[in-house]
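Student: Sequence:
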Amino acid sequence: MSTSLTVNAPQPRISVPTSNPDNPAYLVQPGMGLDGVVKIQEINGHSCSGSLLTTGRHILTVAHCVTDEFGQADYSSPSEYTVYFNLPSGTVSIPVSQIYIHPDWTSDTNYNNDIAILELSQPAPEAANRYEIYTGADEVGQIMQKVGYGVPATGNSGEADYSDLVPTKRMGQNRYEASGELFNSYPYYYSNQPGKQLVYDFDNGLPQNDAFGQEFGINDLGLGLSEVNISPGDSGGPAFINGKIAGLTSNGFRSATPGIDVTNALDDSFGEYASDTRVSVYADWINQIINPSPYSGNDNIVGTINNDFLYGYQGNDTLNGLGGDDHLFGGKGGDNLYADEGNDLVYGNLEFDILWGGLGNDFLAGGQDFDYLYGEEGNDTLTGDQGSDYLTGGSGSDLFILSLATANSDQLLADTIDDFEPSFVDKIGLTEGLTEANLTLELSTNFYSNLPETVIRVTSSNQILGVVSNISPEQLQGRFISV
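Going letter by letter, the sequence shown gives residues 106 to 588 in my numbering.
FYI, nobody ran anything at the bench for these hints, they're computed from the structure.
There may be inaccurate statements among the hints.
Unchecked claim - Label-pair ranges, simulated between beta-carbon atoms: (1) Ser514 <-> Asn575: 21 to 31 Å; (2) Phe475 <-> Pro135: 43 to 53 Å; (3) Asn412 <-> Glu224: 21 to 31 Å; (4) Ala388 <-> Phe552: 50 to 60 Å.
Cβ coordinates follow ideal geometry from the N, Cα and C atoms, glycine included.
Model the full assembly from the supplied sequences, consistent with the hints where possible.
Tutor: Printed below as a string of structure tokens:
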């Protein structure tokens, strides 16, 4: 066996098994569930790949795409990188606002800790798919789906002259066959950190070109026409297992034994190896970046088209659920919570909050302190909870809940329902066993607007449950239910 490493050194670099690199079977079209796999373009023309994480603001990629040969990134100029989303409606570009490089990345020749996160300057389009990371420890032996914006390449002839070619999103499959530290012994003598890389080869179905079989006795003749390799531009692209990001395209290298590589050149052809950064071992670091400490201050958190749980924690936060049936929790601080589409649960929690239900049938709870609740469209349920709150149902048949536990003697501190609509069959919900028979409805005048309003009192205690603006006591009769 040859021990020469000059042709074997890993190179940062989808190569298809057929003679046509543009075979439609490997081309990714918008709307295939891969619209969150993006092209990352540097101002100098260099491009890589990446994938959108569940936050809708972060792109997972590899460090060597955004650092120099010394492992350093120009953190002062993140806008030199632009992320491109290819969507059914067209291409959307968003500049990068911040770069996060794994602290253990040094740009060594073995690509240890080759992982980075890019933060977008604005939320990704809602149509772009978001992806979770794979956190299992069983990647080796599993088939994964590779996706990336690589240049054309085929298994028999390798990569084309790509100097004037536009990177194209392609896909295919391969199988993780080992962990990267396998190459730390003869005939490679690499220095791959244990458990941090996942490796595979490019098979053509012939035993003589099965690199793992020939050199390590790990026999696998491949996946036939489904099997692909990586090519320049794919770096940073995801490898999906069960729809989650398990690996990131990092580098490729030749087999050390002559005759295994069909072209005898490092060009993404049959008989070569490729290595991915193993995402699961970096889960804690990823979560620290995309889900910062709950004590980090004022946050802007955006959901997805799926069903999300969003938490504001401390600080004055803005949460936007977008599509799906979401749960939004404001936490401490003055928060703005936008549920948007879907049937959502929105809870303001502490301090002064503003809640918007958006479309759908939503449940809004103000929590403590003084809050504004807007149900907007749909049949919504609104409860101010503690504090003096303003409840606006919007269109639809809405339910306003008034609690005996928050009743008080001061009309100015009571919850106010300011758009009760008899025509929309709005109702007021009573808690703790109260019924309409336990209430006194009295006509009053608003202290600030001088407009008429109805004060709802508990007859036995004279405590005020709430106030309804621009409605007479007669209009409220028969509109109470027990909840």
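Student: All the hints need checking, so say for each whether the structure fits it.
Tutor: Now for the hints, and whether the structure bears them out:
| no. | hint | verdict |
| --- | --- | --- |
| 1 | Ser514 <-> Asn575: 21 to 31 Å | holds (23 Å) |
| 2 | Phe475 <-> Pro135: 43 to 53 Å | holds (46 Å) |
| 3 | Asn412 <-> Glu224: 21 to 31 Å | holds (24 Å) |
| 4 | Ala388 <-> Phe552: 50 to 60 Å | holds (55 Å) |
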